[in-house]
Structure formats: C-alpha cells, structure tokens
Amino acid sequence: MRSNPPSGRLLRRSAMAVAGLLAGALIPSAVADGDPQDDGRPDLLRFTNGDALHGAFRGLENGPRLQWTHPGARDPIVLDTKTLRRLAFNNGRARASLVDPSHVVLSNGDRIPGRILELDAKHLTVETRFAGTLAIPRQHVQLAAPNPHGGELLVLGPLNPKDWRILEPTEPDGSASSENDEHPPEDDHKPVDSDPPWVFSGGALYSNGQQSVAADVQAPDMARFRFELAWRNRLSAQIAFHATLEPPPPAPPGDENGRNDKPRPGNAPRGQSSQMTADAMLYGPCYILTVTSGYIQLLRCTFDDDANPIVSRLNAFRPNLQLKDTGKAAFDLRCNRSEHAVALFVNGHFVTRWTDPDGYAGTGTHLAFACRSSSASLRLSDLVVTSWNGMIDSASSMQAEDRDVVLLVNGTDRYSGNLEHIENGLAHFRGSYADMHIPLDVIQEIRFARDQTSDPPEPARDAIRLALMPRGRLTVTPAQSDRSVLKARHHALGPLNLDLRYARLIEFSFSDSILDLWDEDF
Amino acid sequence: MTPRLPALAFGLAFAAASLPAQDRVSLRDGSTLTGAVRRIESNGKVVVESPLAARPFRIRGHSLESISFESQPGPRRSHPQLLHLANHDVLPGATTRLDAESLTFDTWYAGAINISRSIVHSIDFGVTPQKLVFDGPGLLSDWKEHDDWELEDGRLVCDTGGAITKPRILPRQFILRFRIEWENSPNFRLYFCDDHLKRHGHADRYYFEVNAAGIQLKRETKDGGRRWFSLATSPRRPREFPNQAIDVEIRVDRDRRLLHLYLDGEKLGRYPDPIARFPNGSGIMLESRAGGDMRNIIPLIEIYEWDAVSQFRRSEGRGNPSLDAIVDTHGERYSGRILELIEKDGHPRIALESAFANDPLLVKIADISTVYFKESAELDNPRGSIHFDLRGGGKLRLSSLAMGADTLKARHPLLGDLELRRAALAQLRVAEPANKE
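Top to bottom, those sequences are chains A and B. Take 369 as the starting number for the first sequence in the working numbering and just add one per residue. Take 426 as the starting number for the second sequence in the working numbering and just add one per residue.
None of these hints come from the bench; they were simulated from the model. None of the values given here were measured: they were computed from a predicted structure. Keep in mind that a hint or two might mislead.
To be verified - Among the chain A residues that face chain B by a calculated CB cut under 10 Å, a handful are:
(1) 503
(2) 507
(3) 719
(4) 757
(5) 779
(6) 785
(7) 800
(8) 802
To be verified - Ranges of calculated distance between the beta carbons of each label pair, as one might list FRET restraints:
(9) A:826 - B:658: 44 to 54 Å
(10) A:769 - B:769: 56 to 66 Å
(11) A:674 - B:647: 49 to 59 Å
(12) A:663 - B:597: 51 to 61 Å
(13) B:650 - A:847: 32 to 42 Å
(14) B:505 - A:863: 34 to 44 Å
(15) B:664 - A:717: 36 to 46 Å
What the hints assert, rightly or not - Short, incomplete list of chain B residues facing chain A, as computed with Cβ under 8 Å:
(16) 505
(17) 507
(18) 560
(19) 563
(20) 564
(21) 747
(22) 759
(23) 762
(24) 779
(25) 781
(26) 788
(27) 791
Glycine included, C-beta positions come from ideal geometry on N, C-alpha and C.
Okay, chain A solo, but in the shape it has when bound (with noise of 0.2 Å):
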C-alpha cells in the first residue's frame, strides 16, 4: 500500500497519486509557468540501499557531503554522496520551470536548455536561465535544436499530475463498475485500498493496476503523439487516440422501433469480445492502439445509431515488434483525419500504417493510456504532442557522416554542408548548391557532422546528474552548493554555477538500464 504517512517521521514513502476524475476539461501542461514556485513540497533523498529520507537540501560540501535538514532532527545531517542514490528537489518537480524547448546535446548525451545565440568555427553560445551565457566547444556538439519539436506543440509532459485524470471502468452498458467487476479473476487478491492507479513520480506517469489515464491534448486533425513507454513484466499497453471519452448519448428511451434506453451489447458484432465494448465505453469514438511483447493492432472504436459501441480491428500488417520482457521503446503515433490513416514509428523505425476504409473514426481530442496486464507496470515519460505535417517519411530520416544537416521547421526541408557560423539570429550555410543564410526561427534542429565530434570522457567517479524542468540533463563534478547555486564543472562547459531552482533531480548513481530507472517513488 502507499499511502503518506504523517509528516515527521524520518523515513516514508511518498508518491503523488494522479488525481481522480477531474471535472471538466484539463488544460495541459503545453508550456510550465517559468516563474520560479517553492510551494513548500519537500525534497527527498533515496540511498543505494533503498532508504528513503524526506527533509530539505541545504546545499553539498567538500568530499562531496551532502547537508540536509529534517524536521525531526535538530541539527543538519551530513551524508556522504557515495550513500546516495537520488535527490529530488520538491517532489521531483522542481521550483522553476524553463519555458524555451530550444537545446542543445552534447556528445556525452547531455541536454542543455537553451536559447542558441552564436556559433563559430569553435565556439557555440547558448544563453540559458540556469547557467547563464555558456560557450560549448564545437566539438561537444552533437544536435543544437532552436525549435525541436517541429509543427505545432500542443503538450509536454507529463509535468503535472493535475492534467491527467483516472478513467472509472465501465461496464458494456456505460454504467461505471467496480474494477473488480471489470478486470480479470487475478486481481482478486488486490487490497481494498490498493495502491492509486496511476503515480505521477519524477517527470512520469507509473501504472498500478489496469485502470486508464487520460488527458485533454487537444490532439489536432494531423496530430503527432510522441512518448515514451518503459515497462516491466511483459509489455501489455493500450493507448487509445483522438478520444472522446464519453460514448455518444443513448437513444431515447420506448419508441415504437423498440429502442433502449442503454446500449445494448447483445448486438455487437461478431468477434467484438465484452473488453473491447466496455474500451469503447470508456473512450468513446476512437482509436486504440494495442502493443504487446509480440503484436499491435488497432482497434476502431465507434457507435451506431442506438449508441451500441462498435468496434473493430484494422487491418494491416501486424508485425512482431519483439519487445523484451523489460524495457522501453520511443513510440511515435502520426494520425491524419483527412486522410483516415494512422502510421506508427517505434524508436524511430517505421512500423506500419493503417487505413481506415470506413473514415476516421476517432472525433476527440483525449490521449488515455493503460497497462492491461495485472503482472505488469507501466510507465509514461517524454510525451510530445504536435500537430503533424502528413508526412510519412519525415525530414528526420536524412543523416550524413562527414556533412552538417539542418532541419527546417516545415518537416520537409533538409540541408547538408557545412555550418560556418550563427550571427544575429541567422544560420550561415554552406551548402550542395549554394551559400545559405537560414533564420533560427525556421530551423528545427542541426545534427553537427559526426567525423567531427569527439568521444566523450567517462563521467568521473564523483560525478552527479541534473535534470531540469521540463527536459534538461547535465553531468558535472560538483564543488560546493547552497540550496539555491551549485558551483560545479563541466568536461565540455568547465565551471558553472547552476541555478538549482530549475533542478528537479541529482542523480549521484546513474545508469541507463530501465530496472535503475525505474523508480517511482521519490
């Protein structure tokens, strides 16, 4: 069970359960308040051995120690770092927000939020609100994206548990059901007052049970929905689009053609099991997307004129992604109303597209995730929602070795040549067939040519990792802090000092594998 116990005693688990059922429509965290809020949260600390220590960071010394206070303990405690695992500021999410999506990668995988000023045969100038103005050598430059997510952004996140709200099961008439009713005998054994459905930890979304998620994104007619999923004990996930999240109104009750006053599910066709006519009522007019270990499919979800939920399944190729037991995959959902066609990439390959004979059946604007298996969790992170070019084979798939490539914000125009230097918003271009002279406000991102970065170093021992509100990663050898300014130094940046109102996290142990990611309690 994880419940908060009162405040005061040392060691507690915390976890931020998704608020249920929100009235209304819930406006999402497309852009975070980039005024920095300390609304009194507390930070928490984990230990390499799975302690956990609620209290406030009060800043890092030589060694490095870590000091913190609690209020059940007089005096500051003063931990060593090689203890710890974790700390993350407020909740883990952070007192400031930054705004700009604009970033730069190192080669080292680090992120840095950024605005992108200049740029020059050695030197390219971000101007961040974390750091200041920093000068990265250009040889540390993977990516440098001044608007990354191409069309229109629509949503980020999941930043705040308030945008999501938990879906009640229904039964196949509409009326809600207890989950017991709803899911199969193997959750019997759930406690009454089992863990929350859904845990908002860290920046993403953790799946107790089988219970949905849902938000308004105001998914567009060519919408693009990128997120993340990590999961453990076998994939089984179900992500329904462009929903609605209410089925259509039943039809008047008694008239003479005999019409119910609920939909019946007796007249569901043929292979529509009692599961996808209670997902049709959950969602409503739809898609889902079904992806297991070893298939996808999706699933058209309408109603008839008696508001009897219809469902059926699109055909198309259905590949064998052959997803691992535990792991994560980038899933990339491309949908066009116009067009009726949903293509799916997964870690940037594509996998197949459907064709819906009958026109596009989803008419909503709601994103719902669930974990359909009892056995398994979920998580959800990195959720981006643009609008979508239509464009299958997107911009995106040039890569060159020796060349730098530019991106432009359209998803079609691409450019490869040479960067020579970035000057009062401009790009400077040499490129196949002319000299180019390309604003920032046009460029997506530009993928600096590979034969020209360097390795990176190995982290040192006592390196430690931030990440930022929303999307932000740096690796740094930390000197000194206070609560509010870490003074550390950068392999590629040297010296900085970060302002850690921006920092949600300090990972001291990292690592990339999912079981070490994995953790939603903070």
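Starting from the structure of chain A, add chain B where the hints point.
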C-alpha cells in the same frame, strides 16, 4: 470498380485499317478472344474481327473487362523520367525545357508535349536506369535443381510439383519482376532472399504465393514458434486478373527492412519485415505446386539492382502545396520557386529560388531525385474515362480516342489533343460512366 464500357461517353470510331490481329479481349465471365479490335461504337459495343468468325462481331460493353493490345516488335522503350500530372496520370519522358509557366516533355509515344506547370504534380528523375542483373528465364542449364520444370518456347513450365533454383543472384537492394501465367488455375511460389533453396525445412526467406484462393507475400523464419508471417494479401483472386497472368514486381530494401509489392503495375503496398534480422540470402527458388490439369508458366523474370534511396525519397510527397521543391539523390530537399532549366558547365540544371539564398540554387538533373511543383488552386483534376496503359510504364485517362493503323488521336482532359503512337498502347480499359443512361 469493375471497368465497363460506357454507353455514350466513348464516342469514338477506329479506322478499319490493317490492324494487327493479336489484340486480346477479356470479358468479365473469364472468356478471352484474340483478334483485331476494329472499333468501339458509340453505344459501347466493341467490334472484333477474328479468324475464328466468318465476319466481325459485336461485344456488349458491359461484358468487357479489358483489351490488351499486341506488343509491337522493336526495341524496348524507356525514359529516365516520370511526370505525374495533378490528376495522377503518369507519363514517361524527358524534360527538355522548363520555364516559369510551362515545360516541354519529350516522349517516344507522343513526341514533345508542352505542359503547363499548373497541371504537373511532380517529376521523378533517374527512374529507369537500374542495372539489370538477370534477364530470364534463359537456358535451363543456367538453373539448378530443376526437377520437373521444363523450358518451352523460352518459358519455364511445370504441370506438377517441382522446384527450380538460382543461387547467388540477388543484390542487396533489388527489384524482382516476373510474370506468372497459368492454365486452369495457378499454384505457385517464388522464394527469394533464400540460401536454403529447398522446398522443405525452415529458413529465413520470403516467398510470393499465388493459388486459387488468393495471393500473398510471406516471411518465413526458422526462429520462434511461428514458421511464417503474412506480409501482404491481395484482395483480388487470380481469376480476377485478365489473361490468366499476373505481372509481379517485388522491391526489396534490406537497409530499411521494407518490401514493396506491385501487381500488374499497381502498388499493393510497402511492408516492413516483422523480424529484426533481415534475410541475407541471395538465391531464388520457383516452386510449382500444380496438380491435375493445372499448369504454371513463367515466361519472364528480371532482376535489377535497386536505388532504394531514391525510391524512398520519391515516396515522401509534395509537402507544402504552395511551393515548388527539389529533392536530390542524397536526400536533401529544398523548397522555393523553380525558375528554369538551364545548361551550365555541360550539364542541364534546374534553377530554384530559395528564400534562404541570394542566388538561385543550380541543381544538376543527374543529382535530382524528384521535383515537386506547387499546387494550382483552380484545378479540379479532371479524369477521362478511357484508361490507357502505356507499354513500358505510364498511364493516361483519356476523354476520347480514335485509332488509326499507326497512331491514335486522343483528347486528354488536362493535356488537350494528343497524337499517340499505336505501339504505345498496352491495354485499354473503360471506366464505368457516372451517368448510366
């Protein structure tokens, strides 16, 4: 929609000159008639002269499925460019002039055609010069393990169960084209990307299968619980193809793990391989599974190296409809305004005005994969009712057509009056008219 001769829209008459006598008329009930198509009357009836009949006879338009015209002797015609009209008609040819308003497209079948840019969607460049790796069937001795397959008049034939193989023939990226013909009913598989080259046992390979039940492209695997995955299924059954024959084209892009399938020149789709490890085999195997009075016939099989990168770029689409664009063979793409075709340093080049360059970009024709022209707002993309398939690729939908001994006088809804060479006509189909009076 099943093609059908309209009662009124056709309105043409063929001159009764000395027409070749090997045109093939296919009827909807599966009948085929060989003879000379003399004319098509205004009421839709087709007049056929056959050596089997004492005098010319008429066939009702609604009974007609298609007319395939006899191939004329002479070298194969090909052009390096494909021009796509706004109404999706396709013309092979070569661009010889281009300015801000129009272009000249030189063709072997209709001479030089002046075309307004407002009706052109795009031009694909460098389409045809693919390196031919194998042109067969060739001699029987060139094949391996040819049990129960025989060579008859240059065609591979088998009327029982048997396989014939050709190892180490496929490039990494390739186009495999073949024609499968049959008597009574087909039952045939063609395996590719195959080093196993045996009818039994498990292997990592693909096969195309056609039998009375349908047509499928499948992935066979030796890993996991499933022996094969279905990649593509055609909604058409073999009996729905005219002349008891299907032209099959399979394009394999191993770098992107994609397969493209075309049947009778129409793209059925592109299909990713469901298994991460793409088959690396380089052999092919033809397997006949005929029984009874069935007979499988392979009169043609060709293998080309394939420039899959250019094809990948061509499938992107136009993008912003208010701008022209050039996609080059390296994958770069430039939007702007196409100015003209010029000659510089001995190379024809297309000049494009970009918002981000002071001078026009000059891109060599040899470096261009596709040119897209901006969309015309006024165009309603009219389409003619007479489907005219060009021999060697391309299709036109004509409003009217009149046939002479060597030439055809046609009216195209966008191009206007055309004079086409009779030898260019591969197949004629007539769409069902909107008004069924």
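List of violated hint numbers, smallest to largest: 1, 2, 10, 12, 13, 14, 16, 17, 18, 19, 20, 21, 23 and 27
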